[in-house]
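Go ahead and model the full structure; you've got the sequences and the hints to work with.
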Amino acid sequence: MLAWLRSWHISLYQIIESFLERDMTVDSLTALSTFALLAMRGNNSREDQRSKISKREFKSDIRRSLRVSYIKNTTITDSSNETMASTVKAQLEYIEDANKDDSTTSAARIDPGLRVLEPPEWIAALSPEERVEIEFKLKRKIDLRLLPMVILMYIMNYLDRNNIAAARLAGMEEDLNLVGDQYQTCVSILFVGYLLMQIPSNLFLNKIGKPAMYLPGAMMIWGVISAATAGTQNFAGLLVCRFFLGFVEAAYFPGCLYYLSCWYTRKELGLRTALLYSGSLISGAFSGLIAAGITGGMDGVHGLLAWRWLFIIEGSVTVVIAATAYFILPNFPRTTAWLTDRERELAVWRLEEDVGMDDWVDSHQQTFKHGLKLAFTDIKTYVLVLILFGIVSAASVTNFFPTVVATLKYNRIQSLLLTAPPYVLALFTSMFNAWHADKTGERFLHVVIPLCFAFVAFILAATTTTLAPRYLAMMLMVPGCYTGFVVALAWISNTLPRPPAKRAVALAFINAVSNASSIYSSYMYPSSAGPRYVVAMSVNCGMIFMAMCSALALRMMLVKLNKKLDRGEAVDGAVNEGTVAAGQRGFRYKV
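For what it's worth, the working numbering labels the leading residue of the sequence shown as 1, then goes sequentially.
A couple of the hints might just be wrong.
[To be verified] Below 20 Å or equal to it, Euclidean Cα-Cα: the simulated EDC-like pairs (lysine to aspartate or glutamate) are:
hint	residue 1	residue 2
1	Lys564	Asp378
2	Lys141	Glu343
3	Lys380	Glu129
4	Lys141	Asp378
5	Lys267	Glu129
Hint data in this document are derived by calculation from the structure and do not stem from the laboratory.
Next up, the structure:
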């Protein structure tokens, strides 16, 4: 088993390196320090500032900026900084004079304890070329430590969740005497538990700050539940196992999205999210092959039917991988021990430079209430919900994909084997689309164009029973949904980047609501509706159309907000509860 895990880890290393080497041309992320920011402001007259925004707004803006850049007590000894220091002092004197006139301002509004937002000296001294080279090496080190394991964990997460479809073809439905909609109910009940646990789980993870312990722990529990499913003897037992499997599995995917966003900048998240989600595609590709092997070779071994062995084997492998992950995964950049001191400094500074702060904070921004309030009062959260809900609802066809493929009238083993090619194609299209989205910084078209292919595929599947066009539709519907989905996932963290508690709630909430669609979609694929499944395919078309319209609405909103940032205006939710300083440091929404 250990040899198998080692070979998996090495193979994933090689796959990830081949994709990530394309990212070598990422622009340098060096940005102006707080000194430069204030110095540029000092070069403008008061009249120029007042021409852009009112005096009251200007003072409020400066006070908010000072929360991350208060440097009144900072000693500057470098002679090259004397001019800048005098400019900063003059600017601070102006702010203090202005504050005296504002009766609503108190000394408590400015927290001198917050650290200066400026890079460590050795980072500031690097040339752009040196910075790119050093940062590239750091990213490779982080990638090769994190990504192979989180991908392998997600492969098992998806495999344990969806192996019920293969178990159905292997005879589970007949063995447990499931009748009517009982099988569909067992599929949908998983997503009830999945929905209930996601937000509390992500908030708890954000609070304890121990993803290296929490995620493997959850994985070990769901592995045990998955293996225990083999012992069920009736509908009630299967229903209970599926509910608690969803309840525990809910911790992983939104938790892992949050975890990755604590290590990577917004520009890097698209490809990494795609690499993570490749686990589900690899799982989809190999689940049919694994099920075919077990069904053909282990049926009746030790008196157990093949579908029971399917749950036992896959659940046991999950437990072993979870134990291994506990010793491999780190927590956060600021607290990890396997980076050198300079690597830790650079890893933390990359996040600060990206949006104004890193994720290891001990302020009110870590509280449950604060994260909930910020996430649920931001209109962008609900637009993202519509995008993801539409895509996931249409992609729920994968929960019944072996059943849909079986309408091609091949035998059981052949049907399981035919489920693999669409997932293999989706793996490559998702990787390329996410890589290109990160390279260009564009999000909207990288979400919508793949959805257009899915839209056509669902229409084709509903209107023909001819073998070639139907399998072509199946080859397009899976890549079409998943290729757009992975970029949409990265768009969440791009659009709601900070503070971390808000991002944790938003990721969990959006993922939970979007997966709620699987509760009703499970009833849209009864065997009697085959082979065309007209109702299901029509609903899928409608959901895809809703997702595309919502993506267009989000793009229009973000373009408008970016124009406000260009003008130096305050934008709620831009970063750290809406500071103008964020826009002046170069923060812009990804559109």
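Cross-check of the supplied hints:
Annotation: proposed proximity of lysine 564 to aspartate 378 holds, straight-line Cα distance about 17 Å (limit 20 Å). Annotation: proposed proximity of lysine 141 to glutamate 343 holds, straight-line Cα distance about 10 Å (limit 20 Å). The hinted pair formed by lysine 380 and glutamate 129 fails the criterion: a straight-line CA distance of about 37 Å is larger than 20 Å. Distance check on the hinted pair: lysine 141 and aspartate 378 sit about 35 Å apart at the alpha-carbon level, beyond 20 Å; violated.
Proposed proximity of lysine 267 and glutamate 129 is supported: the alpha carbons are some 19 Å apart, at most 20 Å.
When each numbered hint is compared with the structure, violations occur for hints 3, 4.
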